[in-house]
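Protein chains: 2
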Amino acid sequence: MQSEILSIGTELLLGEIVDTNARYISSRLRDIGVNVYRRVTVGDNPDRLLTAFKESLGRSDIVIATGGLGPTDDDVTAKCLASALGRGLYFDESAWDSIRQSYLRRGRLLDETSSSARKQASIIEGGFFIPNPVGTAPGQGVEVDGKLALLLPGPPSEMQPMFESHVIPLITKNFSGLTPIYCVNLNVAGLCESMVGELLADLLESSNPTVAPYADSGQVRVRIAARGADKGEALAKISDVEKEVRRRLSPYVYGKNEETIEMAIGRLLVRKGLTLAVAESVTGGLICHRITEVPGSSRYFKMGMVAYHPEVKISTMGIPPHAVHREDAANEEVASGMAESVRLLAGAAVGLATTGFAGPEGGSDKEPVGAVYIGISHKRIGITAERVIFSGSRSRIKVLAAQRALYLLYRLLTEPDKNRG
Amino acid sequence: MQSEILSIGTELLLGEIVDTNARYISSRLRDIGVNVYRRVTVGDNPDRLLTAFKESLGRSDIVIATGGLGPTDDDVTAKCLASALGRGLYFDESAWDSIRQSYLRRGRLLDETSSSARKQASIIEGGFFIPNPVGTAPGQGVEVDGKLALLLPGPPSEMQPMFESHVIPLITKNFSGLTPIYCVNLNVAGLCESMVGELLADLLESSNPTVAPYADSGQVRVRIAARGADKGEALAKISDVEKEVRRRLSPYVYGKNEETIEMAIGRLLVRKGLTLAVAESVTGGLICHRITEVPGSSRYFKMGMVAYHPEVKISTMGIPPHAVHREDAANEEVASGMAESVRLLAGAAVGLATTGFAGPEGGSDKEPVGAVYIGISHKRIGITAERVIFSGSRSRIKVLAAQRALYLLYRLLTEPDKNRG
Numbered sequence: 010m011q012s013e014i015l016s017i018g019t020e021l022l023l024g025e026i027v028d029t030n031a032r033y034i035s036s037r038l039r040d041i042g043v044n045v046y047r048r049v050t051v052g053d054n055p056d057r058l059l060t061a062f063k064e065s066l067g068r069s070d071i072v073i074a075t076g077g078l079g080p081t082d083d084d085v086t087a088k089c090l091a092s093a094l095g096r097g098l099y100f101d102e103s104a105w106d107s108i109r110q111s112y113l114r115r116g117r118l119l120d121e122t123s124s125s126a127r128k129q130a131s132i133i134e135g136g137f138f139i140p141n142p143v144g145t146a147p148g149q150g151v152e153v154d155g156k157l158a159l160l161l162p163g164p165p166s167e168m169q170p171m172f173e174s175h176v177i178p179l180i181t182k183n184f185s186g187l188t189p190i191y192c193v194n195l196n197v198a199g200l201c202e203s204m205v206g207e208l209l210a211d212l213l214e215s216s217n218p219t220v221a222p223y224a225d226s227g228q229v230r231v232r233i234a235a236r237g238a239d240k241g242e243a244l245a246k247i248s249d250v251e252k253e254v255r256r257r258l259s260p261y262v263y264g265k266n267e268e269t270i271e272m273a274i275g276r277l278l279v280r281k282g283l284t285l286a287v288a289e290s291v292t293g294g295l296i297c298h299r300i301t302e303v304p305g306s307s308r309y310f311k312m313g314m315v316a317y318h319p320e321v322k323i324s325t326m327g328i329p330p331h332a333v334h335r336e337d338a339a340n341e342e343v344a345s346g347m348a349e350s351v352r353l354l355a356g357a358a359v360g361l362a363t364t365g366f367a368g369p370e371g372g373s374d375k376e377p378v379g380a381v382y383i384g385i386s387h388k389r390i391g392i393t394a395e396r397v398i399f400s401g402s403r404s405r406i407k408v409l410a411a412q413r414a415l416y417l418l419y420r421l422l423t424e425p426d427k428n429r430g
Numbered sequence: 010m011q012s013e014i015l016s017i018g019t020e021l022l023l024g025e026i027v028d029t030n031a032r033y034i035s036s037r038l039r040d041i042g043v044n045v046y047r048r049v050t051v052g053d054n055p056d057r058l059l060t061a062f063k064e065s066l067g068r069s070d071i072v073i074a075t076g077g078l079g080p081t082d083d084d085v086t087a088k089c090l091a092s093a094l095g096r097g098l099y100f101d102e103s104a105w106d107s108i109r110q111s112y113l114r115r116g117r118l119l120d121e122t123s124s125s126a127r128k129q130a131s132i133i134e135g136g137f138f139i140p141n142p143v144g145t146a147p148g149q150g151v152e153v154d155g156k157l158a159l160l161l162p163g164p165p166s167e168m169q170p171m172f173e174s175h176v177i178p179l180i181t182k183n184f185s186g187l188t189p190i191y192c193v194n195l196n197v198a199g200l201c202e203s204m205v206g207e208l209l210a211d212l213l214e215s216s217n218p219t220v221a222p223y224a225d226s227g228q229v230r231v232r233i234a235a236r237g238a239d240k241g242e243a244l245a246k247i248s249d250v251e252k253e254v255r256r257r258l259s260p261y262v263y264g265k266n267e268e269t270i271e272m273a274i275g276r277l278l279v280r281k282g283l284t285l286a287v288a289e290s291v292t293g294g295l296i297c298h299r300i301t302e303v304p305g306s307s308r309y310f311k312m313g314m315v316a317y318h319p320e321v322k323i324s325t326m327g328i329p330p331h332a333v334h335r336e337d338a339a340n341e342e343v344a345s346g347m348a349e350s351v352r353l354l355a356g357a358a359v360g361l362a363t364t365g366f367a368g369p370e371g372g373s374d375k376e377p378v379g380a381v382y383i384g385i386s387h388k389r390i391g392i393t394a395e396r397v398i399f400s401g402s403r404s405r406i407k408v409l410a411a412q413r414a415l416y417l418l419y420r421l422l423t424e425p426d427k428n429r430g
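From first to last, the protein sequence lines are chains A and B.
Residues in the first sequence are numbered consecutively from 10, following the working numbering.
Residues in the second sequence are numbered consecutively from 10, following the working numbering.
Among the hints, a few may not be true.
Put simply, identical chains are the same to the list, so a pair is met inside one copy or across any two.
Claimed, not checked - Derived DSS-like pairs: lysine-lysine, alpha-carbon spacing no greater than 30 Å straight-line:
| id | residue 1 | residue 2 |
| --- | --- | --- |
| 1 | Lys63 | Lys156 |
| 2 | Lys182 | Lys88 |
| 3 | Lys252 | Lys265 |
| 4 | Lys182 | Lys240 |
| 5 | Lys156 | Lys182 |
| 6 | Lys63 | Lys88 |
None of these hints come from the bench; they were simulated from the model.
All chains, please: the whole structure from these sequences, using the hints.
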C-alpha cells in the first residue's frame, strides 16, 4: 500500500517557506506503517494541480494534500481534486457550521453572505468534511475505488491536530493489516556519532528492531524501531534492544524520546533536593536560557550570571585580577572561580561556569578561538574544570560549549549515585 | 523557461529530516529569474528515480537533483540520470583528483583502489563534474538538447557553496535573457503584521516592485522585490519604494536584510559609546544569549544577571522584599529595580530587565501566565517600565518577551537622536 504527499502553494516554489508539513506527514505515516512513495510540490495553478492530482491518484492508494484551502480565488485545491475525480462540489451545511463556530471562537465577525467564506464550505460530492479546531478552513476527504484522498490546510498548527485526530484514525480504519512502526529514541551526550556506531556495530545490522544513530548539535540520538502488527510484541522487542543499548552506552544515555539534557538535569536536581547557579562567559546566556526552558525550573535554578566583561568577573565574581588579565584570559582558574563564586552568591548547591573564546575575533597565542573551559563546583564534591576545543562559527561554538557544560553537569549529578551503589 | 527540483533520499520520505535544500534552491532560482514548476521527492530506489528523472526532463528545461551521490550502493542518483538519458558513466580523472584532495584536506586516508570511493568519480558521458569544496562527493552536470541536468550532494553545507559558485553561473550562461529578481528586506519591530499591511495597503498592490509583509516571532519582515534585466534600474525602483516604506513605518524599521535587532542595538551602542547590562527573570537568559550572538558584543555588553529565585532578586539585585513577595511578584517596581540595579552593578550606561510569568504554572489572580514587565534604566534618561501580556507556550512567551524587550531598548537608543534633531 502506497501513499503520496502533495504540498500545494506558490510560496513553497518561491522558497519563501520550508515545507515542514511534508516531513511531519511522512514521519507519522511511517509510524502507522504506510509507505510514502513520493512527495510532490506544486503551485496554486489549476492546470498543474489537476495534473498532479491525476498522477498521484494513478500511482498511490492514499493521497494527502496540504495547502490551498483558503477563501481567496487562488486557493483552488478542492476544485482541482474534484475535477481530477470528475465530480462536482456542494455546499456542506456541517462544514459551514464549523466555519461559523471558528469565527465565534476567535471573536471575529462572519459575513454569512460572503461568497469567499462560503467557498470554504464546498465539499466534493461523495466526500466528507474534516473539522479544523484551530483555524477557519475545514479539511475534507473522499474515498474512490478503495483509494483515499485527503485535503488539509497548510498552516502546521492547523494541519497537525487534524492529522492526528482524523487522518490517522481514517487510514487505520480504511486500510486494515497495516503493520505500524513503534519506536524509542535514546538521547546520548558525551560520545560522538562514530563512537556510538562502533559500540553498537552489530546492533546496527539488525532489521527488526532497527537501530540507527543520528548526530545533532553535539549529541547523538539512537533510534530503535520495530515493526509489528502486535503492539505488545513490538514493544517487547524494542525493550530488549533498549536494555542492551543502555548497557553498552552507559553512562552516556541521559534521556528517552523528548527528554532534553536540561530536563534530565532538572529531574536529578529535584530528586536530590539540590539547587543550581550558572555563570557564563563564552556561552553568553545560552545555558541559562536552556535551563529555564524547562517548566518548573524555578524550583531548582536560583540564578545565572553572564560575566562578559573582564572587570565584571573581578568585581562581581571575585576572580583574581591576575587570572583575568593573563594572556589566556580564559583559563581553568577563571572557570573554577566563576563556578564556585556563583554557587556561593546564589546560595546554591551546585555552580556551573563557562569561559572561552567564541570568536570570530579574539583568542590568543596560547588559546585559539574555540577554546572553552568549563568549571563545576559542588558543595560536597568540590571543584573541577575541563578544557575543550571546538570549531565553527561563533554561534556553533556557543551551542557546543553549552551542550558540553550541561553534559558534564549531568555526569556529576549521576556519579554520586554510582559511588554509593 | 521552467525548472524542477528533485530531492532524493529515503530519509526524506521517512520524515527523518526536513528538506531545506528544496527551499534554498527554490529561493535562489527565483532570485535569478528561473521559475520552479514542480518539486519532487523520491527515495533511493532505482526504478522510481529513473521514472522521476524521465518525467522531470520531459517537462522542464532545468532539473536540479540533490542527494544520493555518496559512495555506497544505495546511492544511485548518477546511474539513474545516466539511464534516463540513455548514456553510460565513465571514470573522470579530474573528479577523482578532487576526491583525493578532499581526503587530504580532512587528513583522512583514501584507499585508491576502493571501488566505492572510485564510484563517486563516475561522470555521465558528455557531462562535467562540479567540485565539492566541503565534502567528498563531487557534483556533476550534463547538457542535453538545450536542457540542463545537475546533481548536487544532499548535505546543505556542501550543496550551498556548490550551488552559488557553479550552478548559478552555469544557468545564467546557458539561459540568456533571464530577468533576475532583486530584493531588499526591511526588518520591523513593534508593529503587528496587520498594522504593517494597513500602513502599506496601496504599496502591496503594486507589481514591480512587489511589497509583501511576513510575520515571524514577534516581528515583521517587509520584502521589496523588483524584476528587471537592468540591475541598476531594478535597484533604483527598489530604492524609491524602500524610502517610502521607511517613511511610513518609521521608527519601527530597525534593520535591513540580515540585520537582527540585537545587531542594530549593538551598532547604536557602539556609535553612542554606551555599554549595556541585562537582568532577566522571565526570559531566563535568552536576551543575553541573543545579545552575545553578535560578533564584537564584548565591546558593549558588560554583564547579565538571571535573577530567577525571589531571594536572589533581593540579595543580589537589592529589590525590596515587599515588592518581590507581593501577590503579583512580577510588577513594575521589580522590573525597574532590576534594570537600575544591574546597570549600577555592571557600571554600565543602560540596564534592561524582564520579569513575569512564563508558565505553564504560576501567575496569580492579579497577573496571569504571560504577563511580562520590562524595565529600562538609562544613566541620563532615567527609568521606565512597561507591562505586556503574551500568550502561548512557555518557550513562546520567552521569545516574545525577549523580542519586545529588545525592541523597547532599540527605541530608547534611537529616541535621543530624534530629540536632538
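Hints versus structure:
no.	hint	result
1	Lys63 with Lys156	both (13 Å within a copy, 26 Å between copies)
2	Lys182 with Lys88	within (26 Å within a copy, 40 Å between copies)
3	Lys252 with Lys265	within (12 Å within a copy, 53 Å between copies)
4	Lys182 with Lys240	within (17 Å within a copy, 57 Å between copies)
5	Lys156 with Lys182	within (13 Å within a copy, 46 Å between copies)
6	Lys63 with Lys88	both (13 Å within a copy, 29 Å between copies)
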